[in-house]
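J.: Protein chains in written order, with the numbering used here: chain A, 1 to 112; chain B, 1001 to 1116.
Because the hints were derived from the structure by calculation, they are not lab data.
Check the hints yourself; a few may be wrong.
Computed footprint of chain A on chain B; a stretch qualifies when at least three of its residues, placed anywhere within it, have a C-beta under 8 Å from a C-beta of chain A [to be verified]: (1) 1036–1049; (2) 1104–1114.
Computed beta-carbon distance windows for the label pairs [said to hold, decoys possible]: (3) Asn22/A <-> Gln1041/B: 14 to 20 Å; (4) Gly41/A <-> Glu1044/B: 17 to 23 Å; (5) Leu46/A <-> Arg1038/B: 21 to 27 Å; (6) Pro112/A <-> Arg1064/B: 43 to 49 Å.
The structure displayed is predicted, hence computed values, not measured ones.
Each residue gets a CB set at the ideal place from its N, CA and C atoms; glycine is no exception.
Below, each chain spelled out in residue letters.
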Amino acid sequence: GNSVTQMEGPVTLSEEAFLTINCTYTATGYPSLFWYVQYPGEGLQLLLKATKADDKGSNKGFEATYRKETTSFHLEKGSVQVSDSAVYFCALPETSGSRLTFGEGTQLTVNP
Amino acid sequence: GAGVSQSPSNKVTEKGKDVELRCDPISGHTALYWYRQRLGQGLEFLIYFQGNSAPDKSGLPSDRFSAERTGESVSTLTIQRTQQEDSAVYLCASSLTWAGGRNEQFFGPGTRLTVL
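Between the sequences and the hints, there should be enough to build the whole structure, so can you do that?
T.: Structure (C-alpha cells):
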C-alpha cells in the first residue's frame, strides 16, 4: 500500500531561520499529498495540499511541491517564527483511498 | 461551532472497564474516520465510515474495539475491558465525501484516554 517516510525530529531553529522538513512517499498512481500541523494542545489541521504532480501547495508562508521524479513533498518556509512551533505530519491516502497514512511527525521548536 | 467535536476531552479509567468515546462530525460530511495517537508517535488508523457503513475496519487492534455510526451523524468508539496499552489520544476526522482520499479531512480536538 501507499506509505510515507518523514524526516525524524525534533528540529530546533532560531527565529527567521530557513526550514525544510523532508517527506518522501511510495504510492500507486498519483494521489493527493498533504501536510498537517498540530499546535500544542490542539487538534490536527490541514496546512497545505497538492493534488497532482508539479503542484505547489502553500499556506502561512509554508510551501511544498509535489515532485513525482523524486517522489517527494518536502515542506519549506523561508523564515520561521516562534508561533510555528508545532508537530508537522506528511500524509497521503491509502491505496484504496479510504484513509490517510501519516508520517511519524516532526516536532519543530522555534526559539526567539 | 462548525467543526468536528469530540467528547469527553479527557477520560481516566481503570483497567478492565469499558469506555465510550463520541464524535460529532461536521454537518453534511458523509465520511468519518477514527485514528489513535500514542504519546510521541504518529497517527494510527482505526476505522472509516461512509454514511453508517464501515467499509474499512482493518485498523481496529482487537475485538475489544468497536465503532458505530448513526446515519451520517454521530459516531461512537467503544473499547471494552480497557488495557493500559489503550492509553492514547483518540482522534476523529470527517470529510465531505470519500472521493478516493482527495478530500481534506477535518480533525476534532481528540479524547485523551488514560487507563490506570
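J.: Please name the hints from earlier in the document that this structure breaks, with their numbers sorted from lowest to highest.
T.: No numbers; nothing is violated.
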